[in-house]
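Please put together the full structure from these sequences, using the hints given.
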Amino acid sequence: MPELPEVETIANGVDRRVRGDRIVKAWFSHYREPFKTPPAAMAETLPGLRISRVRRVGKHIVIDLAAKKQLLVHLGMTGRLLVAAPEVPVPAHTHAILQLGSGRELRFVDPRRFGRLELLEGAAFAGPGSEPLTIGIDEFVALFRGRKLAIKAALLHQSLLHGVGNIYADESLFRAKIRPTRAAGRLNRERLGRLQKALRTVLEAAIRAGGSSVSDYVDADGEAGFFQIQHRVYGREGLPCRVCGTPIRRIVLGGRGTHFCPRCQT
DNA sequence: CTGACATCCTGACGGC
DNA sequence: TGCCGTCAGGATGTCA
Numbered sequence: 001m002p003e004l005p006e007v008e009t010i011a012n013g014v015d016r017r018v019r020g021d022r023i024v025k026a027w028f029s030h031y032r033e034p035f036k037t038p039p040a041a042m043a044e045t046l047p048g049l050r051i052s053r054v055r056r057v058g059k060h061i062v063i064d065l066a067a068k069k070q071l072l073v074h075l076g077m078t079g080r081l082l083v084a085a086p087e088v089p090v091p092a093h094t095h096a097i098l099q100l101g102s103g104r105e106l107r108f109v110d111p112r113r114f115g116r117l118e119l120l121e122g123a124a125f126a127g128p129g130s131e132p133l134t135i136g137i138d139e140f141v142a143l144f145r146g147r148k149l150a151i152k153a154a155l156l157h158q159s160l161l162h163g164v165g166n167i168y169a170d171e172s173l174f175r176a177k178i179r180p181t182r183a184a185g186r187l188n189r190e191r192l193g194r195l196q197k198a199l200r201t202v203l204e205a206a207i208r209a210g211g212s213s214v215s216d217y218v219d220a221d222g223e224a225g226f227f228q229i230q231h232r233v234y235g236r237e238g239l240p241c242r243v244c245g246t247p248i249r250r251i252v253l254g255g256r257g258t259h260f261c262p263r264c265q266t
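Each residue of the first sequence is one higher than the last, beginning at 1 in the numbering used here.
It is worth saying that the hints were derived from the structure and are not from the lab.
Hints may be right or wrong, so weigh each one.
Here are the simulated BS3-like pairs of lysine-lysine, each with C-alpha atoms no more than 30 Å apart in a straight line [stated by the list, open to error]:
{"id": "1", "residue 1": "K148", "residue 2": "K177"}
{"id": "2", "residue 1": "K25", "residue 2": "K36"}
{"id": "3", "residue 1": "K25", "residue 2": "K68"}
{"id": "4", "residue 1": "K197", "residue 2": "K148"}
{"id": "5", "residue 1": "K69", "residue 2": "K25"}
{"id": "6", "residue 1": "K177", "residue 2": "K197"}
{"id": "7", "residue 1": "K69", "residue 2": "K36"}
{"id": "8", "residue 1": "K68", "residue 2": "K36"}
On a predicted model such as this, the values are computed, not experimentally measured, just so you know.
As structure tokens, then:
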């Protein structure tokens with residue numbers, strides 16, 4: 001489940017490998033998804049364009065191209081963006097192959113097709129919400145003002161903060177000692193301040209943890225799973241809280257599995 | 001507008 | 001062992 005740290009790490013890894021390279025040819029699968037831009041239009045436009053940079057915005061990978069064009073990649077649940085030599089076998093569920101001037105290929109693989117590919121022309125992509133790593137406390141507090149939905153659901157709302165997914169929402173709420181079901185608009189500034197700091201801390205720790213293993217995701221066949229920092233609550237239902245020993249509880253909130261310590265988080 | 005919920009999709013996993 | 005049902009969730013669309 002790629003969230004901000006995984007997307008950041010993958011974008012950086014791909015950037016190092018393809019920056020400055022030129023797209024020679026573009027191939028796409030015949031499925032309707034994961035394409036937001038018709039594949040025929042992308043196959044027409046992309047060849048000849050140089051890749052100036054690959055970066056992350058929210059959970060999107062932005063491939064900056066010449067002529068103010070941008071290829072947007074969203075990995076969804078199961079998407080992978082791989083850099084491979086042509087002789088490396090093409091994995092099942094490959095939906096895009098960009099042949100590069102260097103001889104390498106940039107491949108997009110996505111079994112469940114929850115991911116998205118989109119070609120933008122003109123305006124720089126800014127993402128749907130605010131950046132969790134750089135947002136200030138005042139803006140952070142303002143995001144949730146007056147909102148009645150649960151803070152966990154609010155954290156997942158990409159038009160508020162983009163890049164936060166289910167795992168780091170749970171992990172940051174645990175570190176901030178906030179119950180996921182609390183109404184977002186009823187949390188005071190002090191608690192929201194803790195949440196903002198916890199969110200940034202856990203995301204940055206995950207980015208650091210991912211730095212060393214990016215090759216497995218970008219260069220290899222993508223068989224390896226995503227790296228993880230040690231989770232304190234996510235996926236630990238029934239196991240003792242690492243702080244107080246109380247069994248971690250799991251509920252469904254906003255249709256998503258939600259994990260918390262009933263004693264530490266209030 | 002806000003918020004709740006269904007939908008898409010395949011692979012992993014557990015039970016029998 | 002092997003089959004089958006269930007579950008996972010990011011973003012979007014629909015509805016109240």
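Hints, one by one, checked against the model:
1. Simply put, K148 and K177 have alpha-carbon atoms about 19 Å apart, close enough for the 30 Å limit, and the pair holds.
2. Of the pairs offered as hints, the one joining K25 and K36 holds, with about 19 Å between alpha carbons and a cut-off of 30 Å not exceeded.
3. Among the hinted pairs, K25 with K68 is consistent with the structure: their alpha-carbon atoms are about 19 Å apart, no more than 30 Å.
4. This hinted pair checks out: K197 and K148 have alpha carbons roughly 22 Å apart, not beyond 30 Å.
5. With a C-alpha separation of about 16 Å, the suggested pair K69 and K25 falls inside the 30 Å cut-off, and the hint holds.
6. Between the alpha carbons of K177 and K197 the distance comes to roughly 12 Å, so the proposed pair stays at or under 30 Å and holds.
7. Taking the CA atoms of K69 and K36, the gap is near 15 Å; set against the 30 Å cutoff, the hint holds.
8. Straight-line distance between C-alpha atoms of K68 and K36 comes to about 18 Å, which keeps the hinted pair within the 30 Å bound.
In this structure, none of the earlier numbered hints is contradicted; all agree with it.
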